[in-house]
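All chains, please: the whole structure from these sequences, using the hints.
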Amino acid sequence: MATRSDKLWWYCCIASLIPLIMLLVDISQDNLGANAIQALHIRLGDWALRFLWLTLAITPLQVITQWRGMADYRQLFGLYSFFYASLHVLGYLFADHNGVWGNIAVDILESPYIWFGVFAFIVILLLAISSPKAAKKRMGKNWKKLHRYIYAASCAAMIHYFWQLKGNLAEPLFYLILLVLLLGFRILVWLQTKQFNKLMIPKGHK
Amino acid sequence: MLIKPKAAISSAEITDEQHFKQRRSLIKALLASGASGVLPVAAANAGQTPPLSATPAELVQSYNNYYEFAFDKESVRDLAQALPTDQWSLEIGGEVEKPGKFYLEDILRQQPLEERLYRFRCVEAWSMVVPWLGFPLQRLLAQVKPLSSAKFVKFTSVYQPEFMPNQERGLMLAWPYVEALRIDEAMHPLTILATGMYGNHLPKQNGAPLRLVVPWKYGFKSIKAIVKIELQSKPPVTTWNKSAPHEYGFYANVNPDVSHPRWSQATERPLGSALFTARRNTELFNGYAEQVASLYTNMDLRHFF
Ligand code: HEM
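Here the protein sequences line up with chains A and B, keeping their order.
Going by the numbering used here, the letters in the first sequence line up with residues 6 to 211, in that order.
Going by the numbering used here, the letters in the second sequence line up with residues 4 to 308, in that order.
Hints in this document: simulated from the structure, not taken from any laboratory.
Mixed in with the good hints, there may be bad ones.
Unchecked claim - Restricting the straight-line Cα-Cα distance to at most 20 Å, the calculated cross-link-like pairs of lysine to any residue (SDA-like) are:
{"id": "1", "chain 1": "B", "residue 1": "245", "chain 2": "A", "residue 2": "173"}
{"id": "2", "chain 1": "B", "residue 1": "245", "chain 2": "B", "residue 2": "80"}
{"id": "3", "chain 1": "A", "residue 1": "171", "chain 2": "B", "residue 2": "68"}
{"id": "4", "chain 1": "A", "residue 1": "171", "chain 2": "B", "residue 2": "233"}
{"id": "5", "chain 1": "A", "residue 1": "171", "chain 2": "B", "residue 2": "231"}
{"id": "6", "chain 1": "A", "residue 1": "171", "chain 2": "B", "residue 2": "65"}
{"id": "7", "chain 1": "A", "residue 1": "171", "chain 2": "B", "residue 2": "101"}
{"id": "8", "chain 1": "B", "residue 1": "245", "chain 2": "B", "residue 2": "259"}
{"id": "9", "chain 1": "A", "residue 1": "171", "chain 2": "B", "residue 2": "246"}
{"id": "10", "chain 1": "A", "residue 1": "171", "chain 2": "B", "residue 2": "106"}
{"id": "11", "chain 1": "B", "residue 1": "101", "chain 2": "B", "residue 2": "265"}
{"id": "12", "chain 1": "A", "residue 1": "171", "chain 2": "B", "residue 2": "112"}
{"id": "13", "chain 1": "A", "residue 1": "171", "chain 2": "B", "residue 2": "235"}
{"id": "14", "chain 1": "A", "residue 1": "171", "chain 2": "B", "residue 2": "252"}
{"id": "15", "chain 1": "A", "residue 1": "171", "chain 2": "B", "residue 2": "176"}
{"id": "16", "chain 1": "A", "residue 1": "171", "chain 2": "B", "residue 2": "263"}
{"id": "17", "chain 1": "B", "residue 1": "231", "chain 2": "B", "residue 2": "90"}
{"id": "18", "chain 1": "A", "residue 1": "171", "chain 2": "B", "residue 2": "174"}
{"id": "19", "chain 1": "A", "residue 1": "171", "chain 2": "B", "residue 2": "173"}
{"id": "20", "chain 1": "A", "residue 1": "171", "chain 2": "B", "residue 2": "90"}
{"id": "21", "chain 1": "A", "residue 1": "149", "chain 2": "A", "residue 2": "170"}
{"id": "22", "chain 1": "B", "residue 1": "245", "chain 2": "A", "residue 2": "174"}
{"id": "23", "chain 1": "A", "residue 1": "171", "chain 2": "B", "residue 2": "267"}
{"id": "24", "chain 1": "A", "residue 1": "171", "chain 2": "B", "residue 2": "264"}
{"id": "25", "chain 1": "B", "residue 1": "245", "chain 2": "B", "residue 2": "265"}
{"id": "26", "chain 1": "A", "residue 1": "171", "chain 2": "B", "residue 2": "245"}
{"id": "27", "chain 1": "A", "residue 1": "171", "chain 2": "B", "residue 2": "80"}
{"id": "28", "chain 1": "A", "residue 1": "171", "chain 2": "B", "residue 2": "126"}
{"id": "29", "chain 1": "B", "residue 1": "231", "chain 2": "B", "residue 2": "112"}
{"id": "30", "chain 1": "A", "residue 1": "171", "chain 2": "B", "residue 2": "175"}
{"id": "31", "chain 1": "B", "residue 1": "245", "chain 2": "A", "residue 2": "131"}
{"id": "32", "chain 1": "B", "residue 1": "231", "chain 2": "B", "residue 2": "106"}
Said to hold, decoys possible - Here are the in silico distance ranges between beta carbons for each label pair:
{"id": "33", "chain 1": "B", "residue 1": "264", "chain 2": "A", "residue 2": "35", "range": "30 to 36 Å"}
{"id": "34", "chain 1": "A", "residue 1": "196", "chain 2": "B", "residue 2": "265", "range": "32 to 38 Å"}
{"id": "35", "chain 1": "B", "residue 1": "162", "chain 2": "A", "residue 2": "175", "range": "20 to 26 Å"}
Beta carbons are placed, not taken as given, at the ideal position from N, Cα and C, and that holds for glycine.
Written as structure tokens, this is what we have:
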């Protein structure tokens, strides 16, 4: 029996695949421009970042609107961030470097902007692995502690974005402003209640 | 008119002999096998430097770093078309015997154009191979007779804020764009002033009507739309070096061992390469070490990056 909110969840789940489909269409039509591989990095990196920001937006939205049952959406968008970040990393390893591990090692070692990407990816990977309800139960209090690293991951992703930049500042500044708002909200709540814990409780769910 | 019959010197003449022979034997092998398209693959598999083949013109002319117009590479082509490039004149001055202002058309009447097929390596780790049409800078400099006090050559790009949006807004860099070479670099036979590419006029997005091409340095040294050349005794302040001195040095010689502070320079992505192909290993001096390394003997390339 799908309730109305279940249906919305499914819509979101399917809609989140649209960027991937559009990317595949562009690849098949040779539509990525002169530097197709860079275009691929940018597309997938941007979507990993957008889903991460969406994930961070759920809690403030829930607090402001008092809607219930939004934790499922937080999980959904978080997993999609992981999905696009994984494609981004696979694209880097294989579409870009074609699995030439010597080159990959040198490239990562000499590119500080990638260190921040790697850190963000490792965190997102751990969060994705520990995302199932069973893992959450098993981890108890530690789950919350671990999942707070999403803040570190998003800051690292932001630095990763800024540091690979060659020209246009406008776009990353836009995402930086959003990040400041999203994290600022948590700081405000924390200052008010001095109880960070409240933020992570999926109110009224299960 | 501007463009004269091309190729007084064939690109073979500026390719060193070993590569040339290698290319000849590859071409023979190709003819024997009767299959086109085998060539680059065969060369790559043999672990040798494949012979240069030009990047498709469409890519070179649609992916342009030209910050006066835009910070992204895709919108430059459209925006650049507004720049007026007729009746172009070039001022040459400073430490020379015969300074003056010259119409480009008059300069070109005296300079036979040559085709030069050069690798071009951007500091952002992408690269291309371009058949330029141009003439050696040394030939133009010889005409104005540099004084012995001339140690550096400073180049200045056009300042046209009505047509260059980021000059109008005063964004990012100190406009106009300035670049410079040491006099021996400027006099090197590989250093050319280009007025065309692919056997045709230089497109505006690629720096029409007159740009510098220094194939062993990162692309930002190869300044576009030049209006002024000054010979100086002191090192000129150049645009990127001034804007981010720890990221962009005065020399900016292509060097896989000296990484940019934020990214590696060990490998590069040739424009037009397909997904799932390995990157190209970047070569010291972009593959022109044999011709130019002697300019930098006893210099610490890490320090003078
Ligand atoms: C192992 C981890 C990672 C690697 C190796 C990696 C690699 C890259 C590379 C090669 C680029 C392109 C740079 C260029 O254009 O020259 C890039 C850009 C980018 N990456 Fe990553 N990345 C990683 C993780 C991440 C993660 C976890 C995120 C986000 C959550 C992310 C978001 C981005 C963004 C937003 C861009 C810039 C896109 C733009 O310019 O609009 N990356 N990354």
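Status of each hint after checking the structure:
{"no.": "1", "hint": "245(B) with 173(A)", "verdict": "holds, 19 Å"}
{"no.": "2", "hint": "245(B) with 80(B)", "verdict": "violated, 27 Å"}
{"no.": "3", "hint": "171(A) with 68(B)", "verdict": "holds, 10 Å"}
{"no.": "4", "hint": "171(A) with 233(B)", "verdict": "violated, 29 Å"}
{"no.": "5", "hint": "171(A) with 231(B)", "verdict": "violated, 27 Å"}
{"no.": "6", "hint": "171(A) with 65(B)", "verdict": "holds, 18 Å"}
{"no.": "7", "hint": "171(A) with 101(B)", "verdict": "violated, 40 Å"}
{"no.": "8", "hint": "245(B) with 259(B)", "verdict": "violated, 23 Å"}
{"no.": "9", "hint": "171(A) with 246(B)", "verdict": "holds, 13 Å"}
{"no.": "10", "hint": "171(A) with 106(B)", "verdict": "violated, 35 Å"}
{"no.": "11", "hint": "101(B) with 265(B)", "verdict": "violated, 44 Å"}
{"no.": "12", "hint": "171(A) with 112(B)", "verdict": "violated, 39 Å"}
{"no.": "13", "hint": "171(A) with 235(B)", "verdict": "violated, 31 Å"}
{"no.": "14", "hint": "171(A) with 252(B)", "verdict": "holds, 16 Å"}
{"no.": "15", "hint": "171(A) with 176(B)", "verdict": "holds, 13 Å"}
{"no.": "16", "hint": "171(A) with 263(B)", "verdict": "holds, 12 Å"}
{"no.": "17", "hint": "231(B) with 90(B)", "verdict": "holds, 15 Å"}
{"no.": "18", "hint": "171(A) with 174(B)", "verdict": "holds, 14 Å"}
{"no.": "19", "hint": "171(A) with 173(B)", "verdict": "holds, 18 Å"}
{"no.": "20", "hint": "171(A) with 90(B)", "verdict": "violated, 33 Å"}
{"no.": "21", "hint": "149(A) with 170(A)", "verdict": "violated, 33 Å"}
{"no.": "22", "hint": "245(B) with 174(A)", "verdict": "holds, 19 Å"}
{"no.": "23", "hint": "171(A) with 267(B)", "verdict": "holds, 14 Å"}
{"no.": "24", "hint": "171(A) with 264(B)", "verdict": "holds, 12 Å"}
{"no.": "25", "hint": "245(B) with 265(B)", "verdict": "holds, 18 Å"}
{"no.": "26", "hint": "171(A) with 245(B)", "verdict": "holds, 16 Å"}
{"no.": "27", "hint": "171(A) with 80(B)", "verdict": "holds, 18 Å"}
{"no.": "28", "hint": "171(A) with 126(B)", "verdict": "holds, 10 Å"}
{"no.": "29", "hint": "231(B) with 112(B)", "verdict": "holds, 19 Å"}
{"no.": "30", "hint": "171(A) with 175(B)", "verdict": "holds, 11 Å"}
{"no.": "31", "hint": "245(B) with 131(A)", "verdict": "violated, 43 Å"}
{"no.": "32", "hint": "231(B) with 106(B)", "verdict": "holds, 12 Å"}
{"no.": "33", "hint": "264(B) with 35(A): 30 to 36 Å", "verdict": "holds, 34 Å"}
{"no.": "34", "hint": "196(A) with 265(B): 32 to 38 Å", "verdict": "holds, 35 Å"}
{"no.": "35", "hint": "162(B) with 175(A): 20 to 26 Å", "verdict": "holds, 24 Å"}
Hints 2, 4, 5, 7, 8, 10, 11, 12, 13, 20, 21 and 31 from the earlier list are contradicted by this structure; the remaining hints agree with it.
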